[in-house]
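Asker: Same order as they appear, the protein sequences are chains U and L.
Position one of the first sequence corresponds to residue 1 (our numbering), numbered consecutively onward.
Position one of the second sequence corresponds to residue 80 (our numbering), numbered consecutively onward.
Keep in mind the hints are simulated off the structure, nothing from the lab.
Computed spacing ranges between beta-carbons, pair by pair:
| # | chain 1 | residue 1 | chain 2 | residue 2 | range |
| --- | --- | --- | --- | --- | --- |
| 1 | U | Leu56 | L | Pro423 | 28 to 38 Å |
| 2 | U | Leu56 | L | Leu363 | 12 to 22 Å |
| 3 | L | Arg191 | U | Lys74 | 46 to 56 Å |
| 4 | L | Tyr330 | U | Gly57 | 12 to 22 Å |
| 5 | L | Arg341 | U | Lys63 | 20 to 30 Å |
| 6 | U | Gln60 | L | Asp222 | 26 to 36 Å |
| 7 | U | His49 | L | Gly101 | 53 to 63 Å |
| 8 | U | Gly57 | L | Arg203 | 33 to 43 Å |
| 9 | L | Asp369 | U | Gln60 | 18 to 28 Å |
Straight-line C-alpha distance at most 30 Å; calculated DSSO-like pairs for lysine-lysine:
| # | chain 1 | residue 1 | chain 2 | residue 2 |
| --- | --- | --- | --- | --- |
| 10 | U | Lys75 | U | Lys53 |
| 11 | L | Lys590 | L | Lys602 |
| 12 | L | Lys564 | U | Lys74 |
| 13 | U | Lys51 | U | Lys79 |
| 14 | U | Lys61 | L | Lys564 |
| 15 | L | Lys478 | L | Lys602 |
| 16 | L | Lys564 | L | Lys544 |
| 17 | L | Lys544 | U | Lys61 |
| 18 | U | Lys53 | L | Lys564 |
| 19 | U | Lys51 | U | Lys75 |
| 20 | L | Lys595 | L | Lys478 |
| 21 | L | Lys267 | L | Lys592 |
| 22 | L | Lys602 | L | Lys476 |
| 23 | L | Lys267 | L | Lys590 |
| 24 | U | Lys63 | L | Lys199 |
| 25 | U | Lys63 | U | Lys51 |
| 26 | U | Lys63 | L | Lys564 |
| 27 | L | Lys564 | U | Lys51 |
| 28 | U | Lys51 | L | Lys544 |
| 29 | L | Lys564 | L | Lys267 |
| 30 | U | Lys63 | L | Lys198 |
| 31 | L | Lys590 | L | Lys564 |
| 32 | L | Lys476 | L | Lys428 |
| 33 | L | Lys590 | L | Lys476 |
| 34 | L | Lys564 | U | Lys75 |
| 35 | L | Lys544 | U | Lys63 |
| 36 | L | Lys592 | L | Lys476 |
| 37 | L | Lys199 | L | Lys267 |
| 38 | L | Lys544 | L | Lys397 |
| 39 | L | Lys564 | U | Lys79 |
| 40 | L | Lys602 | L | Lys564 |
This one's a predicted model, so the numbers in the text were calculated from it and none came from an experiment.
Built from N, CA and C at the ideal position, the CB exists for glycine as well.
Single-letter residue listing:
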Amino acid sequence: MPTLDALTPIFRQVFDDDSIVLTRETSANDIDAWDSLSHMNLVVSLEVHYKIKFALGELQKLKNVGDLADLVDKKLARK
Amino acid sequence: MLIENGQYNIGDICTSRQCRLGRGDRVAMRWLTPDMERRDYTFNELDGLSGRFANVLASLGVGAGEVFFTYLPKQPEQFVAFLGALKLTAVTGTLFSNFGEEALLDRLVDARACGIITKKSLLRKITRIRPQLPHLRFIILVDSDDHQADGIFSYNRLMAEAGSSFDPPLTPADTPSVLHYTSGSTGKPKGVLHRHGAVTMIHSTAQQVLGLREDDVYWCTADQGWVTGTSYGIIGPWSMGVTQVHFGGGYSAEQWFEILERENVSVWYTAPTALRMLMREEPLLYARFDLGMLRHVCSVGEPLNPAVIHWARRVLGKEVYDTWFQTETGAIMIANRPGILVKPGSMGKPVEGIEAAVISAEGGVLNSGEQGDLCLKPGWPSMFTTYLNQAGAYASKFKNGYYCTGDVAYRDTDGYFWFVGRSDDVINTAGHLISPFEIESALIELPDVAEAGVIGVPDELLYEKVVAFVSLHGEAAMTDELQLKIRLHLANKLSSVATPHEIHRLERIPKNKSGKIMRRYLKATYLGQDAGDISTMEE
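In isolation and in its complexed conformation, chain U is listed as follows (with noise of 0.2 Å):
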């Protein structure tokens, strides 16, 4: 499954949001819930979900979910 659709039953746990449809260009503007904490929440998601581990420098350079799946498809990559 390309990493955007993976994504977004994620998004929707997180979130709490089954109406939650992810594009490329989705950024925390597009979704309510999306604030500082809840950030960290989908952080931690995406970590125990891929079994991998963000940098803080990495995360703060992140723009949308195209960066985002972009960044998690790196990391599967090097496993």
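Fit chain L to the given chain U structure using the hints.
Answerer: What follows is chain L alone, placed relative to chain U:
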């Protein structure tokens, strides 16, 4: 004169009155989308829209004194609905849009809410608890074009069908107005009820403490789910006819400075956590922006550390005035402010008409330098009128002729007050008051969690952070998966602000012989301090 012919109606004063004063074409709200697109609403428009919304609620059968809630992120409909409901003299509650279903349930049940305005992405949380809300007759969706079944209505359709003219009834000062819920260290959140007469105190403190002038452009970053967001993000400035900026996005240093510069903001009201986050940004960022129009900054929510004041003076060339109030006080009570010497780290001095005192456990007024309970002489116009359905809890806040704030403080010889801490276990994280009891209750709903104890510990950025201790059933292990399950459970049931920053496993949660969780012991142990007398601890 703010009050004319005995009309205290907040909705009327913030909109129709401004039009009667000839300010109808003035921009009341400069709305900025998260993408920084601008949409101006004049006082004429705000008056028409809020009048239309009052007619909508009337058409849905909402009567004076019934409780109506907004449950929206910051967006224009939030302000329209709030003011419209007040025009109708419905009691108007605002709910933080990150509340989960349990936080919603507690508040909607207690208030016997008759209606709520929200958006599609939040509807699911209400739908899940709706069977437990027999009094909830309708839900209005701001982003649905059509009415749905089960009393779910389209805001756009209702507004299109309603007239814009609405004459608020003559509203005496004691008429119930705004309802906010506040957390305590025990029990469910309490509904703090205010009255329309509060507008006089909010208005005067907006002038005297925030230093607002009629031609200002003012920006308050607080969410409307909290008292600062309604008292000083709606009522105070609009009662003066001041233009307000409201921004639909979250924290972004670059965007925030762009707003301050581009919109010529002259007074900015924000929170210490936000200022501390700005302090961590690259200094080059500030140099790119011209904040020449900004007269000063005010701060509220948590104690403001002196380092922030010194940073703002040095880097921004601005003074930051710390202000103190509570949901219960409705308006600023103690503050540093223009015209008095700022003592960095202090709460400032009581505002005009407020008598504050530091009281001992025995009820006596303490001398300068002595630490005790911060109390206020009751009777100020914005004082809460009750805790909804909890008259006993309300009465318990008043002792020896004073309202007891629950904060511990001392007064210096110059009459400045200095915050020391809370006298209860309520956690203040980034300006949000969190009840440890609510988090503990939600934690033990999880099948793996046997017991839980929750505390707030000092944090450089947030003032306090939430730390949870849990004991687990049987063979359950504290895995990454369980940590995640706990985090999401709390975020979705309560709110993202209730999510612990740390979760620790203990074999058992320390309790006293009556079974009460010893949070004091947990905190001392966490901080490596002496726990004091633990003779009452369960063996």
